[in-house]
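Protein chains: 2
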Amino acid sequence: MIRKKVNGVSMAKENFGLLKDSPISAPLHSCLLGRFVEDRFVYRQTFIIRSYEIGPDKTATMETLMNLLQETALNHVTSSGLAGNGFGATREMSLRKLIWVVTRIHIQVQRYSSWGDVVEIDTWVDAAGKNGMRRDWIIRDYHTKEIITRATSTWVIMNRETRRLSKIPEQVKQEVIPFYLNRLAIPHVENDVDKIDKLTDGTAERIRSGLAPRWSDMDANQHVNNVKYIGWILESVPIKVLEAYHLTSITLEYWRECRQSNLLESLTSTSRTSSATSEGSDGARKRSNPDLEYIHLLRMEADKAEIIRARTEWHSKSGD
Amino acid sequence: MIRKKVNGVSMAKENFGLLKDSPISAPLHSCLLGRFVEDRFVYRQTFIIRSYEIGPDKTATMETLMNLLQETALNHVTSSGLAGNGFGATREMSLRKLIWVVTRIHIQVQRYSSWGDVVEIDTWVDAAGKNGMRRDWIIRDYHTKEIITRATSTWVIMNRETRRLSKIPEQVKQEVIPFYLNRLAIPHVENDVDKIDKLTDGTAERIRSGLAPRWSDMDANQHVNNVKYIGWILESVPIKVLEAYHLTSITLEYWRECRQSNLLESLTSTSRTSSATSEGSDGARKRSNPDLEYIHLLRMEADKAEIIRARTEWHSKSGD
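Quick note, the sequences are listed as chains A and B, same order.
Residue numbering for the first sequence follows the UniProt record's numbering, beginning at 1 and increasing consecutively.
Residue numbering for the second sequence follows the UniProt record's numbering, beginning at 1 and increasing consecutively.
Rather than coming from a laboratory, the hints here were simulated on the basis of the structure.
The structure presented is a predicted model; accordingly, all values stated were derived computationally and were not measured.
Among the clues, some could well be false.
One copy or any two copies: either way a pair holds, since identical chains are not told apart in the list.
Dumping the calculated DSS-like pairs for lysine-lysine here, alpha-carbon to alpha-carbon at most 30 Å [stated by the list, open to error]:
no.: 1; residue 1: 195; residue 2: 130
no.: 2; residue 1: 317; residue 2: 97
no.: 3; residue 1: 173; residue 2: 58
no.: 4; residue 1: 173; residue 2: 317
no.: 5; residue 1: 198; residue 2: 58
no.: 6; residue 1: 130; residue 2: 58
no.: 7; residue 1: 130; residue 2: 317
no.: 8; residue 1: 97; residue 2: 58
no.: 9; residue 1: 317; residue 2: 304
no.: 10; residue 1: 97; residue 2: 198
no.: 11; residue 1: 317; residue 2: 195
no.: 12; residue 1: 173; residue 2: 240
no.: 13; residue 1: 145; residue 2: 97
no.: 14; residue 1: 97; residue 2: 240
no.: 15; residue 1: 58; residue 2: 167
no.: 16; residue 1: 198; residue 2: 173
no.: 17; residue 1: 240; residue 2: 167
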C-alpha cells in the first residue's frame, strides 16, 4: 500500500512534467505553481495566506514569508526547464554534484498579511560578483498591487560531497545568464550590507541554551531547514518585544550547516550600531528608523561554532 | 507603514468576502480556496505539496496533512456562509461566545505524497451523538483519484470564556444540520474507537522531558496549535523508527489545552493491545496489521497533567 521509497527530489521534476502534460487546466496549473511574466525574466506566483500560516498576532509569520519565497524560487527554477535533481540546482550543476547554498538574505516587511489575504510574489535572478548569484523577490498585495515585502539574497555554489565552495562552471553560467535581470528589489541605499558583529558570552544580553532541533525541523537533505532558524533566533528575544512589536526587517548571514544531533544556543543583544547610523554619514545606508534593533547569534552549544548571525529591526505595534 | 493591529479572525471573513467580489477569476478563486460539490454536502479543495511541506524522507509530513485538513475544514465553514468571528465557529456560536474544540482525530495514511504532487481533499460534517459533530475527510491523488488518506474527527462546543463544555444550542443546530451528510470516510470496522491507555512513569518505555513550545508554535488564540503536538509526540519515538518506518495511522485524544509557558514531556511505549486484536474477537476493529504500534502521552512537566493521548501505527519502508 505504501509507495516505494523514492528520491523525492527527482520525483518532483517528474511530477512537474506530469503536471504540464496533465488534464489540469491552465488556470489551475498557473495557480498551483506560477508563471513567467516580463519576457520570462520574472517568475510570478500567487498565494493565499492559510489559517496555519499565521502567528499569535494573527498575521503571516516571518517563517511563512520565507517559506513562500523559497517555494517561488524553486518553482522558478523548475519552470525554467533548468532543474536538475536537487533543490534548485540546474542540470549542469547536478552533473557536477554542485548545489546552491545561501550566504545572506535580507527581508524588509512593510506590512504583514492576514489569514485569507492573497499575495503575489515576483522573483528573478542576477549575477553577484564573479561566482555568485543574487535572487530578489517582491511581495505585493494581490488586489491593490501595493508592495508589502522586499527581499534579496546571495547564493554561491558548493560541492555537495566535499562541502567546499566552487567557482560557477562555464556550462552553468550559460544556463543561468539568459535569465539574469538587472533590477534591484531593494535599492542600494536601503539595503543592509553592513557586517553583523559577532556576539559572545561577554557581549550578549540574553542567551537561551539547550535548543534542540526536532525531527520535524529536518528537510529533505537531513539538515535543519534554513527557515527554521528564525524560530530559534526569536527564542532569545524578550517575549514583550514579540508581543508588542512588528519584526520589520531581518538580515541572516549563514555560516555553517546544522544537523539534528546538534544542541543550539540563541544569543541576542541590542545593536550598538543603532545610534551611529542616524548620523547620516556618507555611505551609511538609509535606515528605516526602527524602534528597536537587535543583533543575534545562533551557535552550537558544544563547541560554540557559529551557524547564523542576524540583525532584526522592530516597530511598535501601538505606533501604527 | 505597518497595518493597524486588527482582529485577524474577523479580517479573514472580510477578506474572503472581498475575494468573492474581487476581479479574481473563478478558477483562481476555486483554486485558492475550494468549492462545493455533491449538492453542497461536500467541500473540495485542491493543493500542491510544497517544497517546505516535506520531511526528511521527502514526503509530506503528518503535520502537513493535518494542516491541509484544518485549512479545508475552515474554508468549508467560511464558504458555507456560516462563519462567525472565530476559527470555524458559526455566527450563532459567536453570538454566544462558543467555539468548537476537537476531542479526537483519527487519520489513516495509505500513501504519502511527494513535493509537487497534487492532492484533492473532500470534507463534510455529520452529527456525533446529541451534542457533538463529526467531520470527515478523504484525500485523493488529483490525477488518479486514488484515495491516499482517510480521516475522521469529533468536535464539541465550549464556552471560550468559562472554558466549559456546552450543549449545542438549537439555533446552532439549525445552522449546521442542512450540511449534515450521513457518510463515513472510515468504515466502522476500520475505525479506531478504542480507548487509549494512559501512560505513566512506570509504563512508559521512553520519556523525553524539557520540551519547550516556541513562540512560533502558538496560534492566533495564543494556544499551542493542535497540529504542533505531533512534533512533540514523535520526539519520544526512536529515531530509527522515524527513519525506517512510515507513520500509517495516528489517533489523537485531546485532553487539555496548552500555553507557551508550559514545559512538556513526551512518553512512548509499545502498545500492549497489538497482539490482542489479532485474535479477531467479535467487535474488535479490523486492523491494518502494522509492523509497529505505539501509544503515547504528552503531559505537562510540572503537574503531569495530560494534554494528549495518542496511538500510532507504523509500516516498514523496506516492506513496500
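Comparing the hints with the structure gives:
1. Only within a single protomer do residue 195 and residue 130 lie at most 30 Å apart by alpha-carbon distance; the minimum there is 20 Å, versus 64 Å between protomers.
2. For the homomeric pair residue 317 and residue 97, the shortest alpha-carbon distance between copies (27 Å) is at most 30 Å, but the shortest distance inside one copy (47 Å) is not.
3. When the C-alpha separation of residue 173 and residue 58 is checked against a cutoff of 30 Å, the pair qualifies only between copies, where the shortest distance is 29 Å, while the shortest distance within a copy is 43 Å.
4. When the C-alpha separation of residue 173 and residue 317 is checked against a cutoff of 30 Å, the pair qualifies neither within a copy, at 45 Å, nor between copies, at 40 Å.
5. In this assembly of identical chains, residue 198 and residue 58 lie within 30 Å of each other by CA distance neither inside one copy nor across copies; the values are 33 Å within and 35 Å between.
6. Neither within a single protomer nor between protomers do residue 130 and residue 58 lie at most 30 Å apart by alpha-carbon distance, with minima of 42 Å and 33 Å respectively.
7. Taking the shortest Cα distances, residue 130 and residue 317 never come within 30 Å of each other, neither inside one copy (42 Å) nor across copies (44 Å).
8. In this assembly of identical chains, residue 97 and residue 58 lie within 30 Å of each other by CA distance solely across copies; the values are 19 Å between and 42 Å within a copy.
9. When the C-alpha separation of residue 317 and residue 304 is checked against a cutoff of 30 Å, the pair qualifies neither within a copy, at 35 Å, nor between copies, at 37 Å.
10. For a Cα distance limit of 30 Å, the shortest separation of residue 97 from residue 198 qualifies neither inside one copy, at 32 Å, nor across copies, at 50 Å.
11. In the homo-oligomer, the alpha carbons of residue 317 and residue 195 lie at most 30 Å apart inside one protomer (28 Å), although the nearest pairing across protomers, at 46 Å, exceeds that limit.
12. For the identical chains of this complex, residue 173 and residue 240 are neighbours neither inside a copy (47 Å) nor across copies (41 Å), given an alpha-carbon limit of 30 Å.
13. Proximity of residue 145 and residue 97 under a CA criterion of 30 Å is satisfied in neither setting, with 40 Å inside one chain copy and 36 Å between copies.
14. Taking the shortest Cα distances, residue 97 and residue 240 sit within 30 Å of each other only across copies (28 Å), while inside one copy they are farther apart (46 Å).
15. Proximity of residue 58 to residue 167 under the C-alpha cut-off of 30 Å is restricted to the inter-copy arrangement: shortest distance 29 Å between copies versus 44 Å within a copy.
16. Taking the closest pair of Cα atoms, residue 198 and residue 173 never come within 30 Å of each other, the shortest separation being 34 Å inside a single copy and 60 Å across copies.
17. Taking identical chains as interchangeable, the C-alpha atoms of residue 240 and residue 167 are never at most 30 Å apart, the minima being 45 Å within one chain and 38 Å between chains.
Hints 4, 5, 6, 7, 9, 10, 12, 13, 16, 17 from the list above are not met by this structure, while the remaining hints are.
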